[in-house]
Each structure stands twice: as structure tokens, then as C-alpha cells.
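Student: With the hints as extra help, turn the sequences into a complete structure.
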Amino acid sequence: MQCPIQPGASFAYRIILRGGGHALVARAQAHSDFGRATVHGAIVIRPRRGSAYPFLKPHREIPIILGEWWKGDVRQLLADALHTGGEFQPSDANTINGQPGDLFPCSRDGTFTLSVEHGKTYTLRLINAALANEFFFGVAGHRLTVVGTDASYVKPFTVDHVFIAPGQTVTALLRADRALLRNTRYYMTARPLSTNPLVLLDNSTATAVLEYTDAAPPTAPRLRSLASATHPARVPRRVDERMLVTIAVNEIACAPDEHCQGPRGNRLAASLNNVSFEAPRDTNILGAYYHHRSRKAGGVPGAEFPSTPPLLFNFTADNLPPELRLTARGTRMKVLEYGTVVEVVLQDTAILGTESHPIHLHGFSFYVVGTGPGNFDGDRDPAGYNLVDPPYQNTVVVPRGGWTAIRFRATNPGASMAAVCPFSTYAKFQFSWLLFCVALLVVGVWFMHFHFELHMVWEMDTVLIVKDGNGAEEKMMPPPPGMPRC
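Oh and the sequence shown: position 453 is 453 in full-length UniProt numbering, straight run, nothing missing.
By construction, these hints were calculated from the structure, which means they are not laboratory data. Note that the structure is predicted; figures quoted are calculated from it, not measured. C-beta atoms are modelled at their ideal positions from N, C-alpha and C, and glycine is treated no differently. Possibly wrong hints are sitting among the right ones.
Each computed DSBU-like pair below joins lysine-lysine, with the alpha-carbon atoms no more than 35 angstroms apart [unchecked claim]:
id: 1; residue 1: Lys-155; residue 2: Lys-120
id: 2; residue 1: Lys-57; residue 2: Lys-155
id: 3; residue 1: Lys-155; residue 2: Lys-71
Simulated restraints on C-beta separations [to be verified]:
id: 4; residue 1: His-161; residue 2: Leu-312; range: 35 to 45 angstroms
id: 5; residue 1: Glu-304; residue 2: Ser-10; range: 49 to 59 angstroms
id: 6; residue 1: His-59; residue 2: Leu-312; range: 24 to 34 angstroms
Tutor: Laid out in C-alpha cells, this is it:
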């Protein structure tokens, strides 16, 4: 109850927190006209040292601030209402942590997501910072145990949803027990209560997402090979070459003479380790390899495909910076010595959105030794690998927002019906894979690509070259008669 802090000025408050072992939540907000529509926040008070919660200590606590959003200037809206004596214009959307949710197109890239792990308990610090709306708040498939309100504990009780008025705070425990096991994502919703039909009210529902980070996608039971005496699983235990390959849908900068219609006026593309594969324009990979096998990269133009991404970041985070979207075309191939045991961890990224990716490798089957959500952790995740009876496949799905690890031994200079050839018109006309015109019949040049056709068109692929071994059957055979030319 003071004069407002003037523009450009500052004022320091000294707040004495009393009340013993209370560990709840308070609100901080401006009270100058309608300034608190946007100027507000949370103060979380934890138990003093030596004290404890009167309930089981949660794994983590998360502020959940319910609010409103207007397209216009709220100060002007207030001035207009005072001038006309009419109703104040209701908000254009209700919000959870500043976002109206995916029912509104303006929020689809920024819907608040709460990441949880199965079996753990979380404290939700609920604050209603709205100007006019009372809210019902709930989480689909879960119940809430209320343990406090307005910085004071209450006898715990469990409900499907809570009711919270403007200015109120509620502390509630959420047990991540995943009541519907087939799902990994659940809506959190806030919907206002209308008690007076004469009062204008924004009755839209704000949404957020509760997402299990440790949940496998809703698929069939995990595949396991027979691993019997007649059908052994010969999983390589020693790894010679480790690769971490990030998967992304990207943008390529549009040339001045082009009229691209992708995001930000660019061209849509796709990449592995930020390389959008481009076959050489003046030769074909197979022909170059046939005639220059003694060279390090098989005589094929272009640098070697990187074993790690050029930049390490939180691959599956929301709202990644836009500069990560850009990639570039390149002729980059991975050259392997004969007999090399390769482990490839395929990591989905949130660049232009996470999604599942089916990968196919020509010339080899591989053991799928592990898969999981989120970012691959090289120190922790290999401990959970299945090295006893993993499935033996040539196509595997990398889960949305997760990773998959495969292992194989590069001992195949054998046969493939893939084709890799120069395609100078590839990027300009039909994106036709018919332009890959040399059949790889008896070679150690193998195509690794993703089985969404559009992603192949956008060049989400690369080539593995397996060099000759020492034995007679470990060498690439000579070109067959009538080898077609591009």
C-alpha cells in the first residue's frame, strides 16, 4: 500500500520470513492498475534446516502459474473500460506458465511441458495469477494430493482436480504412476469457472503437457532374438569404432535465384550429424571406389563422414535456438577397415520437431543393443544394453525424442541393389532416386538411409565403405560385365 515505483527507478524490499517449518509458495505481483497481468512470479519457501516436510519429500518441485493473455495493451483496455463505464474486455487466452497451449496456434511451439519419471512424486506449486478467472486445474490420468494453501499446510486429501481463485496458491503432490500405461504424454488443463452469465468471460481452456521421459513408445513387447544353440546371437562385445549420429530435419539457406517456401524462406532439408548427403556430381561412388581402392577414402571426392555431431547440445530440448536449424550439403562417407566392430548410436533431435525415424542399412544386419528416451548418456546408458539376446535386424525405428544403439561387424564386401550415382539435376527437378543409376552388385559400398521417402529426398542418408580384407573372400569382386554407366 504505497506509491508505485516510478519508471526507471528501483526500490529494495526487506522481507522477513517467519512461520516455523512451513515450506509452501507465495506470489509476488505488481498491484499498479492491471500491471499484475504480466508482472508476477513465485516465491518458494522450503523447510528451515533441521525441519522436514510433513509428507514424503518430493523428487522435484515445479511452479505452475495460471494466468491470462491479451492481444492488446491491458493498460489501454482498462482506460477504455473506465472511460466508457462498460465491461472490461476479457482475455484472449488463458495460460499455464505463460503459454495458452496447443489448442491455440500461437502456442504450438511453446506449450509448457513438464517432464517426469515414472514412480517419482512431484510438488506442483500452483498460483492463480489471473486478473478475473477462477480455475479448475487437473492432470489427465493422475490425481492430486493437496498438502497446502496460501503458505500453510493442510491435512492432505486427494482429488481429481483442484479449484483455485485469483491470488490463491495451492501446493499439491503428483505421483507419476502413469495410470494409463500405453500413454507417455498427458494433458494438464486449466479451465475457468463462470458463475455470472452477465459477466464477459474468456472461457477457453489452457493446456500444458505432462510427459514421461523414461517411457518407451507404445509398441509391442521388446524384441529378443532366440539366442539358442542352433540360432546363436553373436553379439560383439568389443567395439572398435563408436559413432554418435544425430538425426534432424533442417533448413538449407535458399539461393538468391530460388523462391523457397520452407521455414524462414529457406529450403527444407534433413541431415545426419548436420551433413545433408550429396552424391558427387562428376563421378559415381562405385566407379571411384573400383579404381582407387588403395586411397584412404576409396578415391571418392569429399571428406569422411564425422563420427560425432559438430556441436553437442541438449538434443531433445524444447525451443532450440534457430541457428541450429541450418545445415549444408556435403559428400561425406564413412570408411571402415574390414572386420571393424561398429557401434552407432542414432540420436533424434528436436530441431524442427522430434519424430520417430526408421533407419535401414544395406549390406548388413545389426544387433539392436539398446534404446531409450531423451539424450543418450555414454556413461550411464550402455550399462542397460542387451548383449545377450538383442534382435538382429536391418531396419530399426529410432524413437521420437530418443535414441537407439546398434552394433555390427563390417565384414561384408558383398552385394547390394542400392545405387549411388552423380545427379546434377537432382536438386533442381524431380528429386528422383532413379538418378542413382549404378547398381552396387558386388561392392563394399553400402547405403544407410531413413525410410521416410521425404527424408530421403531431403538427403537424410550417408554411405559406408568397407575396405578389403586379407582373405580371398574378404575382397571386393571386380566389376561385372555390362556395368551400367550414368
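Student: Among all the numbered hints in the text so far, which are the ones the structure does not match?
Tutor: Going through the list in order, the structure violates hint 3 alone and respects the others.
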